[in-house]
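Starting from two chains that each stand alone, build the complex the way the hints lay out.
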Amino acid sequence: MAENKRMAACLDITRRMNPADVETTQGDLIFLADDLTGQILANVDLPLQLETDTAVGRSFIISDYNRDGDSYRSPHSNKYFPPYAEGALPNAELRQLETEANELMAKYVELYYEKGGESSAYFWESSDGVAAAVLIKKEYNSKETGQKGTWNSIHIFKITPFGTGKFNFTLTTTISLQLGIDILNLAGNLVRKAEKKGIKCQTGSDKVRMMGQMVEESENKMRAHIETVYFGRLKGIVSDLRSVTELKNLPSNRMVIAPN
Amino acid sequence: MYTRWVDQKVRYISAMSEDQIDEETDFQETIGRFILASPPGEENDVYHSLETIVGPSKDISGLKDTYFHQLNIDQLFVATIPGSNEKCLITPFGEFDETHYIDPKGSRLLTFDHVSQKVTDTRDLSEEELPSHEEKRKIMEKYVDGYVLAHFPQGVSAVYASHSPEGGEALVICINSTIVKPTSMWGGRFKSTWVVELTPGKAAVNGQYEFFTHFFEAGNVHLHSQDTAELTIPHGDDDEAFCKSVVQKIMEYESKFQMSVDDSFLRLSETSFKQLRMQLPRSKTTINWETLQFQGKIQ
Chain A
1 MAENKRMAAC
11 LDITRRMNPA
21 DVETTQGDLI
31 FLADDLTGQI
41 LANVDLPLQL
51 ETDTAVGRSF
61 IISDYNRDGD
71 SYRSPHSNKY
81 FPPYAEGALP
91 NAELRQLETE
101 ANELMAKYVE
111 LYYEKGGESS
121 AYFWESSDGV
131 AAAVLIKKEY
141 NSKETGQKGT
151 WNSIHIFKIT
161 PFGTGKFNFT
171 LTTTISLQLG
181 IDILNLAGNL
191 VRKAEKKGIK
201 CQTGSDKVRM
211 MGQMVEESEN
221 KMRAHIETVY
231 FGRLKGIVSD
241 LRSVTELKNL
251 PSNRMVIAPN
Chain B
1 MYTRWVDQKV
11 RYISAMSEDQ
21 IDEETDFQET
31 IGRFILASPP
41 GEENDVYHSL
51 ETIVGPSKDI
61 SGLKDTYFHQ
71 LNIDQLFVAT
81 IPGSNEKCLI
91 TPFGEFDETH
101 YIDPKGSRLL
111 TFDHVSQKVT
121 DTRDLSEEEL
131 PSHEEKRKIM
141 EKYVDGYVLA
151 HFPQGVSAVY
161 ASHSPEGGEA
171 LVICINSTIV
181 KPTSMWGGRF
191 KSTWVVELTP
201 GKAAVNGQYE
211 FFTHFFEAGN
221 VHLHSQDTAE
231 LTIPHGDDDE
241 AFCKSVVQKI
251 MEYESKFQMS
261 VDDSFLRLSE
271 TSFKQLRMQL
281 PRSKTTINWE
291 TLQFQGKIQ
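Chain order of the listed sequences is A and B. Quick note on numbering: the first sequence equals residues 1 to 260 in the working numbering. Quick note on numbering: the second sequence equals residues 1 to 299 in the working numbering.
In isolation and in its complexed conformation, chain B is listed as follows (with noise of 0.2 Å):
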């Protein structure tokens, strides 16, 4: 299916001219812009305001499945298993192809529809298609589900069993805590991932983590915060052991951000804020206007 798109995408660019090949790149990628720059659970709704501004004349639905696709990817996008409450996440660790996502825990592949984001059919994975290290990935998964049970009221993960470039064992993990309440008018996501490459004795561990919260009730506010972690985790032969050093790893560094955002809120109350404008003046009450107008003023 892919490949069918970029054959399409080729014989419609051969068409145009030059000028007119950069203006709808131009294009493509402004609308790219928009549609990845949503904030969680907006992404439809920008989509159908840009549908809107281009007109019935321009069709951008081919648009929408490129960029969907990258979104709901890059976002570890949480779906659901149809007939269910079961919640999966969709990542370029578990893309399979653009259509189809391996569900780890559940030992599935998952059929997935990037439009309407939600999943079309489910198949078991035979034993063949199971990774090498499986036995260690469900380790690793059995201590992230006691993290993200114990940290995250609306927390979905996957652990999947990958390998690093140089082919050594990997695991990645992936955390998505998403709460979007559209009629409130507000929406956030916590997200992170976490790739374990296993060496001799020692484990290279990289994560990369942010909080992104969007709030539009009469105005628009955005909060964004990120950021990243290094390091070696060492490794012996007790997979247990070792599964439970990661994780307690993660919950330690990611709690640090945690607290270094709520940190920073107070510090924004306390001084920042105040910085930019204060609450009153020096004087700690609200101006008298007679006076100040003629402050300095020859009667």
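The following block holds chain A by itself, in its conformation from the complex (with noise of 0.2 Å):
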């Protein structure tokens, strides 16, 4: 379908131009293929943002999951803002999956992420089960070193019920970041899907519980694909392009650049 290959060239497009400029890409692919909106929208991942929950004084994260027409729901205190009566909210099994969560997660931000590490969870209903989606932003500017960071994790997970009792967990990671030490500047995305079937649930704790292990899981794998495959390969590339010591300059030494 004409769509697709369309929609393709649009990500084809985001993996080639830098992930620190991902607004201006969005935007620019949206004007040139507006009838792709939607699409681009949901694949292509903006910088995490916060907002403020007035009623209990704490930050959320925005994103699609928790928005309703141009207004945030809170994972807190479950209220949109801006304010808006009509808006969505989850049913009790759905908001008491999704308080347990945030609940959890922020214990686990804590733990790996320390301070300035912020998390929110959202559920909603999905076609054969349920669905949710686990965000942490963590942000950091130290004027001192003269390093700043962004982490973005995006965890959408669907839980969908195998047999009795048991319940089968995919789950798709996003992590987004961009580091700047010095002049270096490092700007990057990766995607990871896991799977984990067939596991016994008892309660809503069972399935949060698991829901935690999962991201803590996928995200010290990439983690550590980051630091060794992806630091590894540009620190490699650069010292590729020049040497600082002398080569041992015979013309033999030379490799003979790919041809286009």
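No wet-lab data here; the hints were simulated from the structure. Treat each hint with caution, since some may be false.
[Stated by the list, open to error] A partial selection of chain B residues facing chain A, derived with a Cβ cut-off under 8 Å: (1) L36; (2) G106; (3) P281.
[To be verified] For lysine-lysine, the following DSBU-like pairs were computed, each having C-alpha atoms within a straight-line distance of at most 35 Å: (4) B/K244 with A/K148; (5) B/K284 with A/K107; (6) B/K64 with A/K235; (7) B/K284 with A/K235; (8) A/K143 with B/K244; (9) A/K235 with B/K244; (10) A/K248 with B/K202.
[To be verified] Ranges between beta-carbon positions, derived for each pair: (11) A/F162 with B/E290: 21 to 27 Å; (12) B/F294 with A/R58: 19 to 25 Å; (13) B/S255 with A/G198: 53 to 59 Å; (14) A/T145 with B/T232: 28 to 34 Å.
Even glycine gets a Cβ: it sits at the ideal position worked out from N, Cα and C.
Take a look at the structure:
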């Protein structure tokens, strides 16, 4: 289908542009293909932003998953900001899962992200079970050390029944990060899928606990991949391009550039 | 050829209404933004995707002409001389006109097609076409060649004899080291430009240098690092000594730049990345989720 090809082309471009410029990239793609706006918005993640829940004086992460119209629902007070009386609310069961998940993820974030880490979790009904988004954001900017960084995790869960009292958990995680150390600027994103089948869950707490475990596992694996593979490769490319020490400079040392 | 293209553009625009003109300009600039932001070696992939997105009803080949010209000279494009393995740079400093570029080392004028990114013809420059300070340029080129050979496995350079805005002699040194491995999903480029303006007794030297690398296996990660330098180098009668000292300084600054990048990578692993998210909690073990979940809960 022509539309699928055009959307694939949009994603191809997104994968080549600087992740630090994702807002411009998204806007420019929508300008060129406004009929694909919905798909572009769904597939090109912008940096996570915070909103304040003035009812309880806490911040929460805004996203499409807690949006209704132009307002966003806080996972703390379950209210919309700006106020929106007709805003969709999760049913009691989902709200219970949501409350537990937010509480648990806050503890997780404290342990791995320490100061400045924020998390929010949102649940909704999907056609075959329950879906949830667990969002994590951390930012720092240190003038003294000349270092700054942003980390965004977007974890999308699908929890579907699988036999009696058992559930399948599928998770798609997107991590986006930016780091600035002196004159070095890095920006990247990475996606990973994980699945756990036939997990026995008697209570909502069991489900939430499984989600937490999967978040930790995925983030740890992806963080390691980013450090060893991503950063390692980039550093390697820099040394391939130029050598600080003199090369054993014989013309035969020169590699042949791969033809275009 | 350039003037003909400008005429065509003017005729096209005057046929549109004001709103249409704004939207057309926005459209062209958007296409241009994408092309100009292409990582090393990926501009044709980017252009192909843009063609697919805007669809068969909209012809952007004219924009490819415009923006590939700008892209090629901006990135000091490494072109191959037909029938050989010889490489030359396509740069703003060697631009005779939009389709002709000077190859100072070979004393040639190259005909270059920006869209296909190929040299289509060459001719030797005549004696009259050579600059007045060609001898000085040759000496600088000798030292630059030695430097590039010693530090850039894939480096290509060009030294141009130019003039400063006030009319004094100038030399411009361009270095490009690009490696593109599309099947391994990465590409990278180092490029630098050094403008050496000669005044009596000394030279004002301005340099800019950068690394740009892209790795996109199962994701997308960019590295951008750039810096500039401004220095003065004394200049007596000895051109050899002068050129040698200029290239020595270039090497020092570019190496310092690279070492700063290496140092930043070290700090990245040791502190910066951990400040963002640690490898493990302070307990040095992964979480016991049952304990964490029921912590602080009244049983």
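Verification of the supplied hints:
no.	hint	in the structure
1	L36	violated, 11 Å
2	G106	violated, 17 Å
3	P281	holds, 4 Å
4	B/K244 with A/K148	violated, 39 Å
5	B/K284 with A/K107	holds, 16 Å
6	B/K64 with A/K235	holds, 32 Å
7	B/K284 with A/K235	holds, 27 Å
8	A/K143 with B/K244	violated, 39 Å
9	A/K235 with B/K244	holds, 30 Å
10	A/K248 with B/K202	holds, 34 Å
11	A/F162 with B/E290: 21 to 27 Å	holds, 22 Å
12	B/F294 with A/R58: 19 to 25 Å	holds, 23 Å
13	B/S255 with A/G198: 53 to 59 Å	holds, 58 Å
14	A/T145 with B/T232: 28 to 34 Å	holds, 32 Å
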